[in-house]
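Protein sequences appear in the order of chains P and U. Counting from 1, position 136 in the first sequence corresponds to residue 136 in my numbering; the numbering is continuous, with no gaps. Counting from 1, position 86 in the second sequence corresponds to residue 86 in my numbering; the numbering is continuous, with no gaps.
If you're looking for bench data, these hints aren't it; they were derived computationally from the structure. Ideal Cβ positions, reconstructed from N, Cα and C, are used throughout, including at glycine. Heads up, a few of these hints could be off.
[To be verified] Here are the simulated PhoX-like pairs of lysine-lysine, each with C-alpha atoms no more than 25 Å apart in a straight line:
no., chain 1, residue 1, chain 2, residue 2
1, U, 243, P, 76
2, P, 7, P, 48
3, U, 294, U, 341
4, P, 35, U, 182
5, U, 294, P, 48
6, P, 26, U, 339
7, P, 48, U, 212
8, P, 133, U, 243
9, U, 269, P, 133
10, U, 182, U, 19
11, U, 212, P, 291
12, P, 138, U, 243
13, U, 259, P, 26
14, P, 291, U, 216
15, P, 35, U, 339
16, P, 35, U, 294
17, U, 341, P, 141
18, P, 101, U, 341
19, U, 243, P, 26
20, U, 294, P, 26
21, P, 138, U, 272
22, U, 341, P, 30
23, P, 101, U, 259
24, U, 259, P, 138
25, P, 101, U, 339
26, U, 294, P, 133
27, P, 77, U, 243
28, U, 269, P, 141
29, P, 291, U, 294
30, U, 269, P, 76
31, P, 138, U, 294
32, P, 141, U, 243
33, P, 292, U, 294
34, U, 339, P, 141
[Unchecked claim] A partial selection of chain P residues facing chain U, derived with a Cβ cut-off under 8 Å:
no., residue
35, 40
36, 41
37, 119
38, 122
39, 130
40, 155
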Amino acid sequence: MEKKYLKIFKEFGPSGDEENISNYLKELMKSFADKCYNDVLGNLICVKKSNSKNARNIMLAAHMDQIGFIVTHIDKKGYLRFHSVGGHYPYNQVTQRVIFKNGIKGMICYDNEECLPKLKIDNLYVDIGAKNKEAAEKHIKIGDRFVWDTEPFEQFGNLCSMALDDRIGCLILILLAERLKAAKHNIYYVFTVQEEVGVRGAKTSAFAIEPDLGIALDVTGSDDAPGNQTKCSVSCAMGKGTGIKIMDSGIIVPKQIVDWEISLAEKHKIPYQREVLTGGATDSFAIHLTKKGILASTLSVPTRHVHSSSEICSIADVEATVKLLKVICESEKLPV
Amino acid sequence: MIKRLIKLSNAYGAAGDEKEIRDFIIKEIKNNVDSLKIDHLGSLIAFKKGTNDKIRVLLSAHMDEVALIVDKIDDNGLLGVSSVGGFLPKVIPAKKVLVGKDRLPGAVVLKSLHLMRPEEREMPVSIRGLNIDIGAKDKSSCNVSIGDYVYFATKARQQGNYLFGKAFDDRVGCAILCEILKEKKLPVSVYAHFCAQEEVGTRGGQTAVFNKERLKFNLNLEGTTANDRDFINDLSPTTEIGKGPAITIMDSNIITNTKILDWVQAIAKEKKIPYQFKRSVVGGTDAGPIYTSKEGLPALNIALPCRYIHSPVAIISIPDLNAMRDLALAVVVKAESFKIK
Chain P
1 MEKKYLKIFK
11 EFGPSGDEEN
21 ISNYLKELMK
31 SFADKCYNDV
41 LGNLICVKKS
51 NSKNARNIML
61 AAHMDQIGFI
71 VTHIDKKGYL
81 RFHSVGGHYP
91 YNQVTQRVIF
101 KNGIKGMICY
111 DNEECLPKLK
121 IDNLYVDIGA
131 KNKEAAEKHI
141 KIGDRFVWDT
151 EPFEQFGNLC
161 SMALDDRIGC
171 LILILLAERL
181 KAAKHNIYYV
191 FTVQEEVGVR
201 GAKTSAFAIE
211 PDLGIALDVT
221 GSDDAPGNQT
231 KCSVSCAMGK
241 GTGIKIMDSG
251 IIVPKQIVDW
261 EISLAEKHKI
271 PYQREVLTGG
281 ATDSFAIHLT
291 KKGILASTLS
301 VPTRHVHSSS
311 EICSIADVEA
321 TVKLLKVICE
331 SEKLPV
Chain U
1 MIKRLIKLSN
11 AYGAAGDEKE
21 IRDFIIKEIK
31 NNVDSLKIDH
41 LGSLIAFKKG
51 TNDKIRVLLS
61 AHMDEVALIV
71 DKIDDNGLLG
81 VSSVGGFLPK
91 VIPAKKVLVG
101 KDRLPGAVVL
111 KSLHLMRPEE
121 REMPVSIRGL
131 NIDIGAKDKS
141 SCNVSIGDYV
151 YFATKARQQG
161 NYLFGKAFDD
171 RVGCAILCEI
181 LKEKKLPVSV
191 YAHFCAQEEV
201 GTRGGQTAVF
211 NKERLKFNLN
221 LEGTTANDRD
231 FINDLSPTTE
241 IGKGPAITIM
251 DSNIITNTKI
261 LDWVQAIAKE
271 KKIPYQFKRS
281 VVGGTDAGPI
291 YTSKEGLPAL
301 NIALPCRYIH
311 SPVAIISIPD
321 LNAMRDLALA
331 VVVKAESFKI
341 K
């Protein structure tokens, strides 16, 4: 994978502090869009108008925020207490290396052995090696956010990163924008903010755009790891094609859209899987309940170890998702 | 302001039953605003035109308090209740209460110690298991209907620099909004949205942005949790009373825009107003639905630290209250200087 694409997975951007990733995505998108702007909440909206007379408005949403942490307290010795920004499993955090926007690094530790059986975020702290509170406060303020410090890499045709959720959706939109020469419809590429804390960016951007069709690009689970490690059940597995969402906890995708997406995938021989997920939702949750209701769906990339510091997906599934999305945007008639 | 807050604290108004609070506020502000209206949820919306009417600020505070509602009347005249808003069941038993429109005095009762089996004494309290005794002979003579609200009979009082009372969440916000509206002339126009039904899911806040024009940002005024003990243990605290109003960076329904955070802190520093941050990320306020309404609106939540919030008696600091009023007023006065980009 080209370096410029890998960089998408490295840019800092926990919910509410998406400035860096937004600037980078704008850089990648600006030559493919008529205009790019950030709205009040910070959503990056890139618009590409179509020349077609019958053009409709399609909103494609991928969230650019990643899960992270927020500093709530700096103690006298210079250790940091924190809370989650987005959904975190406490056990995934023990001994993780973390990094702040300003480059300060630290390591997550737990209070003592007794707290391990029922570990909570409250039992964890970050050691940045500061001498004391005053030394820490020179670099860190209450409210500062931080994320895991891991590098993305490619191996066996798979991609591994702490932020596949949902930079993989952002990458899909970038690849689509590069390949989509003459779209039949006006495409709103929306890189949303604050998805991980409750699909908030999608809510306000969908209100402003009021599209005819909304499609979210996001990760879903992968039902192929040993043991029953995921709390929710999912009907997809990594490497078997793009996930066409039928239902999750936020949306029941209208049948005419599911049928249409499947018929396009079959016609163009794009590998796909029918996706039913029992826990979790994506930006389509907010989009489809906007104003008087908007037809919306989600295309998913099956991903192992979602919300861990090493999420893994298959690059072939990403490719399949881009292909299906391209066919959708090139369709003369929408089922709307 | 203290007198007005004491009156507001002593008045009764839970979600869906805000009339007494609303009527009191109308009486207080009607001569100081250009228009007043009540929406379908029961929120009260006041508009006060400022020197510059091109900029309007949405001020908000919720009128409702946490309370109980009668959902069962036994044949023997004992009442069963549910909560309207979030209560820790343990704080409810053995308190004096007032029931229904006639404010019938009663008490939340538990079986006496002697009548409990040993294991019964150790059992956790649930709201379902509590009864209210109003001294009625039986069901037919109790003069209470299902759906009547039940309030704690707490009377607010001042003790040194502290106020003790109920419903500071969020009558402090209401009291400060009244203060702002009583200013002779404001540099910008303000809508003061006294929200209904916050405690049952920030519902007043969900409708607050609609039917309003030229909004620049929202300032939501609240009461919030204080926990001084965690400061002693040097762990993640929430807020501490006596250290100024608390600015929310993140809670369960908002992540505050960093531009507005920097801006309000600069104002506080310039005016030498003490402030702190709310450091727990739990709880949500009307600022949440407000900042994601329509195309989005920058929103700022400033809250007064209250010890023992959501209980029959909470404690607040009067210097905190004054600082919060000063900061809220300064934010309105300087509204023209706020830039989102």
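Structure-based check of all given hints:
no., hint, in the structure
1, U:243 <-> P:76, "holds, 18 Å"
2, P:7 <-> P:48, "holds, 24 Å"
3, U:294 <-> U:341, "holds, 19 Å"
4, P:35 <-> U:182, "violated, 45 Å"
5, U:294 <-> P:48, "holds, 23 Å"
6, P:26 <-> U:339, "holds, 22 Å"
7, P:48 <-> U:212, "violated, 32 Å"
8, P:133 <-> U:243, "holds, 19 Å"
9, U:269 <-> P:133, "holds, 22 Å"
10, U:182 <-> U:19, "holds, 21 Å"
11, U:212 <-> P:291, "holds, 17 Å"
12, P:138 <-> U:243, "holds, 22 Å"
13, U:259 <-> P:26, "holds, 20 Å"
14, P:291 <-> U:216, "holds, 22 Å"
15, P:35 <-> U:339, "holds, 22 Å"
16, P:35 <-> U:294, "holds, 22 Å"
17, U:341 <-> P:141, "holds, 22 Å"
18, P:101 <-> U:341, "holds, 20 Å"
19, U:243 <-> P:26, "violated, 42 Å"
20, U:294 <-> P:26, "holds, 24 Å"
21, P:138 <-> U:272, "holds, 22 Å"
22, U:341 <-> P:30, "holds, 19 Å"
23, P:101 <-> U:259, "holds, 16 Å"
24, U:259 <-> P:138, "holds, 20 Å"
25, P:101 <-> U:339, "holds, 23 Å"
26, U:294 <-> P:133, "violated, 42 Å"
27, P:77 <-> U:243, "holds, 22 Å"
28, U:269 <-> P:141, "holds, 16 Å"
29, P:291 <-> U:294, "holds, 9 Å"
30, U:269 <-> P:76, "holds, 24 Å"
31, P:138 <-> U:294, "violated, 39 Å"
32, P:141 <-> U:243, "holds, 18 Å"
33, P:292 <-> U:294, "holds, 13 Å"
34, U:339 <-> P:141, "holds, 22 Å"
35, 40, "holds, 4 Å"
36, 41, "holds, 4 Å"
37, 119, "violated, 15 Å"
38, 122, "holds, 7 Å"
39, 130, "violated, 15 Å"
40, 155, "violated, 34 Å"
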